[in-house]
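*Asks:* Taken in order, the sequence shown gives residues 263 to 612; the numbers are from the numbering used here.
The reader is advised that the hints may include incorrect statements.
[As the list claims (entries may be wrong)] What follows is a set of in silico ranges between Cβ atoms, one per label pair, in the way DEER data are often shown:
| # | residue 1 | residue 2 | range |
| --- | --- | --- | --- |
| 1 | Ala513 | Lys347 | 42 to 52 Å |
| 2 | Gly340 | Lys493 | 54 to 64 Å |
| 3 | Glu472 | Lys342 | 18 to 28 Å |
| 4 | Gln432 | Asp288 | 50 to 60 Å |
| 5 | Val457 | Lys600 | 24 to 34 Å |
| 6 | Lys342 | Asn487 | 55 to 65 Å |
[What the hints assert, rightly or not] Below are the DMTMM-like pairs computed for lysine to aspartate or glutamate, each with C-alpha atoms no more than 25 Å apart in a straight line:
| # | residue 1 | residue 2 |
| --- | --- | --- |
| 7 | Lys502 | Asp480 |
| 8 | Lys271 | Asp288 |
| 9 | Lys493 | Glu472 |
In short, the hints are calculated from the structure, not lab data.
In this text the structure is predicted, and so the values were computed from the model without any measurement.
C-beta: ideal position from N, C-alpha, C; glycine also.
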Amino acid sequence: YHLFGTNMKAVVLNNFGGVENLHVEDVAEPLPSENEVIVQLYAAALNHLDIWIRNGRRNITLPHIPGSDGAGVIIEKGAKVVGLKIGDKVIINPGLNCGFCEHCRQGQHSRCEYFGIVGLSCPGTFAQKIALPCTNVVPKPEHLNFIEAAGLTLTFLTAWHMLFSRACLQPGETVLIHGIGGGVATACLQLAKLVSARTIVTSSSDDKLEKAKTLGADFTINYQNNTDIAKTVLDITAGKGVDVIADSAGAATWAVNLKAAKKGARIVLCGITTGADAQTNLQALYWNQLSIYGSTLGTQHELNQMLAAVSAAKLKPVIDSVHHLENITAAQTRMENKEQFGKIILSIYV
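The whole structure should be built from the sequences, with the hints applied where relevant.
*Replies:* Here it is, written out as structure tokens:
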């Protein structure tokens, strides 16, 4: 969208590199096109994508406003926007799609030929206001405040798509979740427990593992002190292995996945925080009849399903900490150092 008019505060990345390249600046406010709305943002949430963008691992043009998640109030709307009104409290669906390609027509919006993410493909939510297509905002769940709502969409939609659409998780199955404390991993734990799955979580922090137990984790493994995670998983499952593995780590956990998987298990990968290059034991893959799925965000229908389930269960995302917009460097440093358990939030108007 085009930025012009009066000024607002926003986090701006002018150069790639460390957190010192993030600055809160005055930028021109957005105005909506005929199919857009302007959302006054009350809060936004950090994601690992923000770090990749800052480090130059994504193809963007500088200067750039990062941020994919947010919650706020509609204050303006374009002439062709229907079904939404000024004053509506909304959360942002960060997945951008064309609506017309083969995949969009089939309802597979995250497979869109022109798929993008708010804060990557367009200016993001680390700002006082944002212009978005009207299809990218949905009503805020009533049981969540703005801080909680800001931390919901990207991680919970990703986790929903992973567990239920890709892995077809069933009640009572056993799920291995790597790197508990991260946003997607924590959402996977909460959603898995929502359907009474048995959960095994890993972390290098005993403190994070104790927090995971309060969310319902059935078994915990500290991989810093454990030289054979797969053997421990097999011991927990009486030698059978797990039904589903939710992985956002990538290279560091890939060999573990193939050893810890039950025959016929489903492995779902949504991220590569530890790297993209990993060896695959092809014999284990075919002999154990494993299914491996890639997973990115989710569809608009899945978003509606997830929000309905979260609202019915009064489920809340785990909030690690809240920082004012001006303290973006401290917030992103906390995430980069992997100190968080749950979502790190930027408060903007709250």
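*Asks:* Hint by hint, note whether the structure agrees.
*Replies:* Against the structure, the hints come out as follows:
no.	hint	in the structure
1	Ala513 x Lys347: 42 to 52 Å	47 Å, holds
2	Gly340 x Lys493: 54 to 64 Å	58 Å, holds
3	Glu472 x Lys342: 18 to 28 Å	51 Å, violated
4	Gln432 x Asp288: 50 to 60 Å	52 Å, holds
5	Val457 x Lys600: 24 to 34 Å	28 Å, holds
6	Lys342 x Asn487: 55 to 65 Å	58 Å, holds
7	Lys502 x Asp480	17 Å, holds
8	Lys271 x Asp288	5 Å, holds
9	Lys493 x Glu472	21 Å, holds
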